[in-house]
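The sequence shown runs -24 to -1, 1 to 211 under mature numbering (1 follows the signal peptide of the UniProt record, and there is no 0).
Hints should not be assumed to be uniformly reliable.
Just the calculated beta-carbon pair ranges, DEER-fashion [to be verified]:
| no. | residue 1 | residue 2 | range |
| --- | --- | --- | --- |
| 1 | S161 | S105 | 44 to 54 Å |
| 2 | R73 | S158 | 42 to 52 Å |
| 3 | Q95 | V6 | 38 to 48 Å |
Computed list of lysine-lysine pairs in DSSO-like fashion (alpha-carbon distance at most 30 Å, straight line) [what the hints assert, rightly or not]:
| no. | residue 1 | residue 2 |
| --- | --- | --- |
| 4 | K54 | K70 |
| 5 | K70 | K164 |
| 6 | K200 | K43 |
| 7 | K151 | K164 |
| 8 | K54 | K43 |
| 9 | K74 | K200 |
| 10 | K113 | K164 |
| 11 | K102 | K113 |
| 12 | K194 | K102 |
| 13 | K72 | K200 |
| 14 | K113 | K179 |
| 15 | K74 | K151 |
In case anyone wonders, no lab produced these hints; they're calculated from the structure.
Glycine included, each C-beta is placed from N, C-alpha and C at the ideal position.
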Amino acid sequence: MLKAGLLSASALVVLLVSSTPALAQTRGEVLREKLQERKDAIQEKVTQKREAVKISRQEKRENIQEKISERREAIKEKITTRREELKERLAEFKDKRKAEVAERVDQRLGTINENRTTQMAASLDKMTSILDKLEAKLSGATASGRDVSAATAEISSARAAISTARTAVEAQAGKDYGVTVSSESTIKADVASSRDSLHTDLKATHSSVVVARQAVAKAISAAKSTLGGQNDATQ
């Protein structure tokens, strides 16, 4: 009787000991699954937020192009009227060569301003795309537990610089640099005045783009430091 009881107790101990690893393994699997589910949920939120931000920024870029087009359209009628008046004025000049040069320069200045502002806007769009890629990479680093605060701060500064530059480019796109002729004797000085005015304004606008480019370069450098040099956002 005693022997049978001892055997039953021994069997119970063996059963408990043999089932403990299996129980521990099951708990470990459950914990791993929960951890993976949590990581997946976080990654899903990051992805959704990233897509929402991407769409928002794309809409802003399109809106900026619209603003530039609207500014150009707003002065289109004014330019047409002014050029007709200029043509009538130049028709009275005795020196037809001077008149032709003045009219040609008048049209050329408008073309230069349009081309330069278009180029600057495109450059700012490219900078924004680079920052978007950097943020996407940093989001992945955040999920891995890295400290991305320094790089994120530089990206925010770069975006602010780009915004300032965009405002300057939009304003520049809406300017008219038509030649205002005082008299036939002063036409050379009048043409030079319009040309110099365009040059000065374009230089100032471009300076804001340069500041934005420098800010983006700092953001790229900060991101490289955070990501350990693994960064191809500029490609």
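These are the hints, each one checked on the structure:
1. In this structure the hint that S161 and S105 lie 44 to 54 Å apart at CB holds, the actual value being about 52 Å.
2. Checking the proposed 42 to 52 Å range against R73 and S158 shows it is violated: the Cβ atoms sit about 18 Å from each other.
3. Between Q95 and V6 the C-beta distance comes to about 59 Å, which lies outside the given range of 38 to 48 Å.
4. For the hint pairing K54 with K70, the CA-to-CA distance comes to about 27 Å; that is within 30 Å, so the pair holds.
5. Straight-line distance between C-alpha atoms of K70 and K164 comes to about 14 Å, which keeps the hinted pair within the 30 Å bound.
6. At roughly 34 Å between alpha-carbon atoms, K200 and K43 are farther apart than 30 Å, so this suggested pair is violated.
7. A threshold of 30 Å between alpha carbons decides the hint, and for K151 with K164 the separation of about 22 Å falls inside it, so the pair holds.
8. Between K54 and K43, the direct Cα distance comes to roughly 18 Å. Compliance with the 30 Å bound is thereby established for this hinted pair.
9. Between K74 and K200 the alpha-carbon distance is near 57 Å, which puts this suggested pair outside the 30 Å criterion.
10. Between K113 and K164 the alpha-carbon distance is near 56 Å, which puts this suggested pair outside the 30 Å criterion.
11. Under the criterion of a C-alpha separation no larger than 30 Å, the hint pairing K102 with K113 is consistent with the structure, at around 17 Å.
12. Restraint check: the Cα-Cα separation between K194 and K102 comes to about 16 Å, which is no more than 30 Å; the hinted pair holds.
13. With a C-alpha separation of about 61 Å, the suggested pairing of K72 with K200 is violated against the 30 Å cut-off.
14. Between K113 and K179, the direct Cα distance comes to roughly 34 Å. Violation of the 30 Å bound is thereby established for this hinted pair.
15. Restraint check for K74 and K151: the C-alpha separation of about 25 Å stays at or below 30 Å, so the hint holds.
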